[in-house]
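Undergrad: In case you want the letters, here they are:
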Amino acid sequence: MSYPSVRRLLESVLWSLDAQVAPTVTDPWAASSLRSIKCVLEHLIVRSEFDAAIMADEYADLAAVIDQLQERMPDEALWRDLQLRLASLAELLPSASVTASLSDANGAMLEALDAIVHAIHRATDDAPSPEAGAARSILSDYFVRHTERERCLADPAFAGPWY
Amino acid sequence: MKPLLVQRYLECRLEQSVRVISCEHHFPGVSRETWFVRCKVGKLDAERCFTLRRDPEGGAIVPTTLAQEWEIYSRLATTPVPVATPLWYETDPHWLQDERAFFVRDFVDGTTHVSNLTNPDQRYDSLREGVAKQHAEKLALLHTLSWKEHGFDQVLPVPSSPADSARLEIELWWGRWDEIRGPATPLITELFYWLRDRLPTCSPRISLCKGNNGLGEEIWRDGELVAFSDFELAALSSPAQDWGNCQGVLALWDRERTLQHYERSAGYRLDRAELTFWQVWGVLKGICCMSAGLRRFVEGADQRPVIVAGFGRTKLLDPLLAALISGELSDADATLARFDAQRLGHPAHVGFKAAVHPQRRSMVRDA
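Residue numbers (my numbering), protein chains in the order written: chain A, 1 to 163; chain B, 1001 to 1367.
There could be a bad hint or two in this list.
[Stated by the list, open to error] Partial list, derived from the structure: chain A residues whose beta carbon lies under 7 Å from chain B:
#  : residue
1  : VAL25
2  : PRO28
3  : CYS39
4  : LEU41
5  : LEU110
6  : GLU111
7  : ASP114
8  : HIS121
9  : ILE138
10 : SER140
11 : PHE143
12 : THR147
13 : ALA154
14 : PHE158
15 : TYR163
These aren't lab readings, by the way, just hints derived from the structure by calculation. Backbone N, C-alpha and C define an ideal beta-carbon position, used for all residues, glycine too.
Construct the entire structure; sequences and hints are all you get.
TA: Listed below in structure tokens is the structure:
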């Protein structure tokens, strides 16, 4: 017999908080903490099951988006700088913990994408071009996919009253 | 707050004997702590109540200082704008706990919660109308104040002209965002650019703006708004900014008639497109504040799970942000309304405005 899944463990904690702890809590600060703890636990249940898949999808999407943007934003200085930054990804990914390395890799690619967003706007400020418009369209589409991908991490876990 | 320390402090300040009866940490107060101190003073045992305000143990969530909020209170005390009388700002380490400065103001009797305000029964429609109108009148009083005469330009950045209000605000907070943000968030960067490219220049004047205002913020007694409370996000800016940040007041009664009532009281008109800009900005500003809180949480300075819950609520807004930046400012009003309706339609939600504003007490309680 192996250990129960993370979901079952957290569901059990949530059940005991709801059934046995919450009814006895009258202090508003304690009740508020309890609500927050339950939000965090609900979030952790989703994380425990989908974190790796979400991060892997995000990684693939970011890599594709950055490639597409490079085609439309021929800014040599920008890409030289980004290539240096992104080169370290190769070292990150084969490391022992896949989830941790994906998280680091995505962090690095988001930093790169952030730099690209700034570069796109600098270019647009100087002289609006069809290329910059196309780049912004690629970004908009990515943001929609990104928010849809991560929606389950927040909704419904954090959707109730805040405190 | 240690009651004995507070007692000795008040004795020193009042130069009379003081006996603290209760020292209550006001709920919920996430961004800053508010304490109500009830005590007996002097030989006659006269009852007095004070309000103490300080940053949470892990530091303020809002990227502004307690000292700035004190300065706002101090200057407002000499104006017709209703606020609690500020008494002392304390930085002497002898009186501090955990090196946290605090300020003391007179206690104003009342509540931030107006009973039945969100009760859908038609009997309360006139209550909603009254609250909306009164909030509008009091905001007009604040916004038409001569900020220069009262020295607010000594504590807050001043736009070079009314038309410069939005530019200054975005620039200021973009700088703050760069300091407080954790890992890169291109969606937020894009939204800053989206706003920068759509700056309104039609502000009717520069006003002292309260910042987060509206339901759950101010102190009400017997149907009267008796004090504006909490000025942590105060700014010299377009008065429309406060309407973009009014946490449900415009949804209480007829939105347009509420605004017209305000305009009659203030003596100028607000451009509705400008108002939409500030509504979008209100969403982003709330996200900036919660992200600052999350940063402290990640660093281990703030242990409260409510910070994660608050940040999680801002993540519910990501689809809204993605929708906003794919459209124009003229679409934003409809996008905001659609998103709010979707959220309100979900029994577990209390509206996207509540998700980003630190202290929307009454709506949350009613929900």
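Undergrad: Hints first: check each against the structure and report whether it holds.
TA: Now for the hints, and whether the structure bears them out:
Nearest Cβ of chain B to the Cβ of VAL25 (chain A): about 13 Å, over the 7 Å cut. The hint is violated. This hint holds: PRO28 (chain A) has a C-beta 4 Å from the nearest C-beta of chain B, less than the 7 Å allowed. This hint holds: CYS39 (chain A) has a C-beta 4 Å from the nearest C-beta of chain B, less than the 7 Å allowed. The interface hint given for LEU41 (chain A) is violated, since its Cβ lies 10 Å from the closest Cβ of chain B, which is over the 7 Å cut-off.
Nearest Cβ of chain B to the Cβ of LEU110 (chain A): about 4 Å, under the 7 Å cut. The hint holds. Contact between GLU111 (chain A) and chain B, as hinted, is supported at the beta carbon level, the nearest pair being about 4 Å apart and thus within 7 Å. Of the supplied interface hints, the one on ASP114 (chain A) holds, with its beta-carbon coming within about 4 Å of a beta-carbon of chain B, less than 7 Å. Annotation: interface hint on HIS121 (chain A) holds; nearest CB of chain B at approximately 5 Å, less than 7 Å.
A cut of 7 Å between beta carbons decides the hint on ILE138 (chain A): the least distance to chain B is about 12 Å, and the hint is violated. Because the closest C-beta pair between SER140 (chain A) and chain B is about 5 Å apart, less than 7 Å, the hint holds. Look at PHE143 (chain A): its Cβ gets to within about 4 Å of chain B, closer than 7 Å, so that hint holds up. The beta carbon of THR147 (chain A) comes within 4 Å of a beta carbon in chain B, closer than 7 Å, and the hint placing it at the interface holds.
Annotation: interface hint on ALA154 (chain A) holds; nearest CB of chain B at approximately 4 Å, less than 7 Å. Because the closest C-beta pair between PHE158 (chain A) and chain B is about 3 Å apart, less than 7 Å, the hint holds. With 7 Å as the threshold, the beta carbon of TYR163 (chain A) comes within range of chain B, its nearest partner Cβ sitting at about 4 Å, so the hint holds.
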